[in-house]
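So the protein sequences, as listed, match chains A and B.
Position one of the first sequence corresponds to residue 956 (our numbering), numbered consecutively onward.
Position one of the second sequence corresponds to residue -1 (our numbering), numbered consecutively onward.
Hints listed in this document are in silico derivations from the structure and should not be mistaken for laboratory results.
Check each hint, because a few of them may be wrong.
Stated by the list, open to error - DSSO-like cross-link-like pairs, simulated, lysine-lysine; straight-line CA separation at most 27 Å:
1) 1070/A to 1130/A
2) 1272/A to 1383/A
3) 1276/A to 212/B
4) 109/B to 1399/A
5) 212/B to 188/B
6) 1276/A to 195/B
7) 1171/A to 1382/A
8) 109/B to 195/B
9) 195/B to 1272/A
10) 1171/A to 1383/A
11) 212/B to 1272/A
12) 1369/A to 109/B
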Amino acid sequence: MIHLVLLLAILRGGALVASAQTPPITVPAITSPPAPFQIRPAMRVREPAIAPVAQLAPRVAPATPDAFSALIGSAASIDMDAPVTARAEFDPPTVPLGGKSIYRIVLTALDESVKLPDHLPAPDGLHLQAGGRGQAYQPVGGQKLQPQTTIIFHANATSTGVFTMPSFPVAVYSKTVTVPEARLTVSASGTPGLREAPHLLIELPEGDVYAGQTLKVRVILLDPGDGTLLGLSQPHITGESIFSEPISFGRRETIRRNGQAYPAFINEVVITPMRAGQEQLVAQGHSMSTRLIPGQQAVFQSYNALVDSEPVTLTVKPMPKEGQLPGFTGAIGAFQLEPPKLSTNEVRAGDPLTLTVTLHGDGNIGRLTLPQLSFLREWQSFPPVGDTSPSYVIMQRGSASFTYTLIPLSERSKATPAIPFSYFDPKKGAYVDLTIPPVPLTVKPAPPGTITQLQPSPRPGPGPDGEEISSREREFVLTGLAETPGTAVGSLLALQRHWWFLALQLLPALTLTGLWIWDRRRRYLEEHPEVIRKRRAQRGLRRQLRLARRACAARDAVAFVTGAINALREACAPHGAANPEALVCADVLQELPPQERHGSPGELVRRLFAAADGLRFGGPARDGSDLLALQPDLERLLVQLKGRL
Amino acid sequence: MRKTIRAPRFAGVFCLTLGLWFGVASGAAPASTEDLFKQGSQAYSAGGFEQSAALFREAAASAPAAGTLHNLGNAEWQCAHAGPAIFAWERAQWLDPFNPNTRANLRFARKFAQLDAPDLAWYEICSTWLPVDAWAWLACLSCWLAVTMVVLPGILRWRKADWHQGVAAAGFAIFLLTIPALAGVQARSKLGIVLAKETPLRLTPTAEAQILTKIPAGETARLERERGRYLFIRTGTAAGWVEKARFGLVSASQKLS
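Only chain B is shown next, with the shape it has when bound in the complex:
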């Protein structure tokens, strides 16, 4: 009798929590983001690429989304800002790897600017098959499902069934398959784009340091370490220190600026 009373009460609390969570999640994207996106698209259509880039940049800063970043890349490209354009498209692809337009734009830009696509390891390539967050959820769910299917029948004294073992084996298999992809996501988190033209790559993290070479805007590099306002990055051909402001990490935790 008690259970029949508590179940709807628990369901109500659960729904309320979910509602609040979704409310907060939807509240993270302010209503003006849509307006900024529309204004940016209109400015782009009218040829005001600088204004369009500024609007898309603002929209992406408040609520990063694949479509906004894709459009920001287009606007930056039209402003002849190859580095920021490739950076925005890489971020869009980070969020939505299935978007063929973003992929085509990246190919187009790299071909045009004579830049090489990032050289990814096999597990990094695997990690691009799904959105980055999907791998983490998949690994989490499959692992706990497998553990649950191993542990729960014994605890709850369910009669042993083949499907228990089947689900557990499948869960473990999926979890094992996600591990390389998770490693790939982790490795790709260090990928970044050189934003400024002819960015000097220095031998030491100082302004007076010897310049080893200059990196073109849009070049992909891996972040290895950080010191003061300099980052140690490694491109396909060279490694050295660059100023932080001249390098953008694709998966940076900070908001876009």
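Next comes chain A alone, as it looks inside the complex:
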């Protein structure tokens, strides 16, 4: 995790690394912008000798490319355990009335962990305006680096006097740390011997600026000339839609401002405006200086301090849409093309070859991509592979190489295809064609059996131009229209996802289930025929009883007797598995319980059968009233017999 933070710090362009063991250099004429870390050198005690500044200037590590490797090798880690300390100061501590000072808060903690109060407790008459904010690392011994976060405010006073910025609490790692008080003395205007607050200057290039264009912006730190300023590190530019990256080493030059020459440290920062419109740019960096340790004579301390610039407005134009040429991939600047190079000039069909294209020029070459080759019948292509170097290296080098991998599919190819490419020239305000030209080559036929399917095959008839078209070519041609719409469907939803289709499955399921149940019932009845007989007897009993009741109501004794006899037969037939019509009186009596057989029910049965025999065999005619009176007894007997079914 710590190494990840370390790596992030490097990628963010951390400050210069300088250790106590680093050999000193006397004149910090050149600083190293891309160097990852800035480590404040330990206090150095100079000999109280003559020309102390000249002899014993603080050491600044040279730009050693292996600084990071050395750090990793020594297993340096970030110290997160030490208690957080806070420091506050006005730089310079004394300013003339109307002059600006920087109120600087330095905390030994990671930037993300520091939360300042919304409003600082500034005394009356002192105005604070938020400025830059940055993070650096310093060695603390034990192979550890301590994070150091600096927050600056631009201070100006409305009157002379001493302004005391009181101590106030700050939340760091969710704990409270007290920022000590600091004093600013404001003298009358024109007081001699007062120095100006350190600040950066921004120099924008001339000409129109377009969205996506890379600009080299000079960030300048004026040297007061007293030998205390040693250089500028970690320069970058912030803006709402700006991508910023340092590309050049710092250098010391003399610049002219307002007709006067000033020594200054200059670093170049590359910015890329991401959208059109007005952009407010603010430069920020760490100035490396020396200062005398208060209370000690001739003991100097080197330190770095965060400084920033006044906001500068940049007007960014949108890229023109008219006149855009094929193969434009966002290249803006001025570019030239080297003759493309082939890995080989003789290749078999189906074998890959590489085409290397090298671009030179000034612009966004560090982040440039070349266009992909569009589909071609006789070539298979892969997207170009660019240089893997960091973008600032490519920009400083001024050239980038891209490699296309191409596969000829036919021996008829005589040259590589031309690859359309264009860029936008901001000075001309127009697009410029820079098509990658074809490179002649010889393509031999592929060995038999390797790429035969790709080779032209005879067409049944000649094509429109008289040339035979291969099956592969025919394959990659848009076919004609269908002549008929085809079968229309109600929905493209798969049939199995329609609810009605699933419901339809119930139909055969229910049918088969019904058949199965029916078969089970049928088999059961076949095994138990008495069930049918009893059911049939119950039906017959109900029918004959109904007839008997009707006959009784109609005072028809003959019909009553017939119905009664038949009802008795129906009720008794199932027990003997007999045909009801075949039963005689004895059979019916047999079905009665023994005690009833000789009781009134038996008597009733005998009377009814006797009456029936009389009617059948022509006995003496009777009015039958007494027979009709037997209906209640008959019904009771039949209920009893029915209960046995």
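Let chain A serve as the given structure and place chain B on it in line with the hints.
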């Protein structure tokens, strides 16, 4: 005697029902669909591709058919609408997987636009061997035929015969073979096409969400879930949320718009 009277009556009712069903089915395709199709073809031949696409789109919306969708794809392609063109051809192939012209057009378009064909699992490939609806019918018929041949002889007290078991075994075998294809159809129902150019693939289903990548028009993706007006899709290389309007499901239940 009763049976001889009821049989023709039942047959009449059956024929009437069938006739009504086919009448309704044929009525689903209004008569103007044919006219729209012809007008679209004429406009295409005359070079009016935008008009042709609009006519084919209208015809496909009223009565989706493989030929109409194929022609719609051609017209959209000629209008330089790669996403809608591939979408229409995929739908045409969904309905008629045997059409070589549609297949060739899809290959052509994907090669031209440098898009990958959808990466299908083996059972999804199996499901392309027949029209999607054919698998469902085949599974349904084979399953019930097998069950019937197992159950019915016993119920109807037919004398046991080898062919009963043969038909039942064949039915079960066919049914088992259709199961992977049905699973393939189900899986392919989630396939869709990115319609708009450079469609942003977002981390979360919100308009302010971080854009993970941009997907070219015509890219095939699988729909995984839905939330509000966003769909979570998975392409061959990435997964994220896209707006519903920018993604078309090949087997969408809704009508074409």
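Verification of the supplied hints:
1. 1070/A to 1130/A: At roughly 10 Å apart (the allowed maximum being 27 Å), residue 1130/A and residue 1070/A satisfy the hint.
2. 1272/A to 1383/A: Distance ~14 Å between residue 1272/A and residue 1383/A Cα, so the pair holds.
3. 1276/A to 212/B: This hinted pair holds, its Cα atoms lying about 22 Å apart.
4. 109/B to 1399/A: holds (25 Å)
5. 212/B to 188/B: Cα-Cα ~20 Å, so holds.
6. 1276/A to 195/B: Distance of about 18 Å is within 27 Å: holds.
7. 1171/A to 1382/A: holds (15 Å)
8. 109/B to 195/B: Status holds; Cα separation ~17 Å.
9. 195/B to 1272/A: Roughly 25 Å between the alpha carbons, so the hint for residue 195/B and residue 1272/A holds.
10. 1171/A to 1383/A: The hint holds at about 18 Å.
11. 212/B to 1272/A: With a Cα-Cα distance of about 25 Å, the restraint between residue 212/B and residue 1272/A holds, given a limit of 27 Å.
12. 1369/A to 109/B: The given pair, whose Cα atoms are some 23 Å apart, holds under the 27 Å limit.
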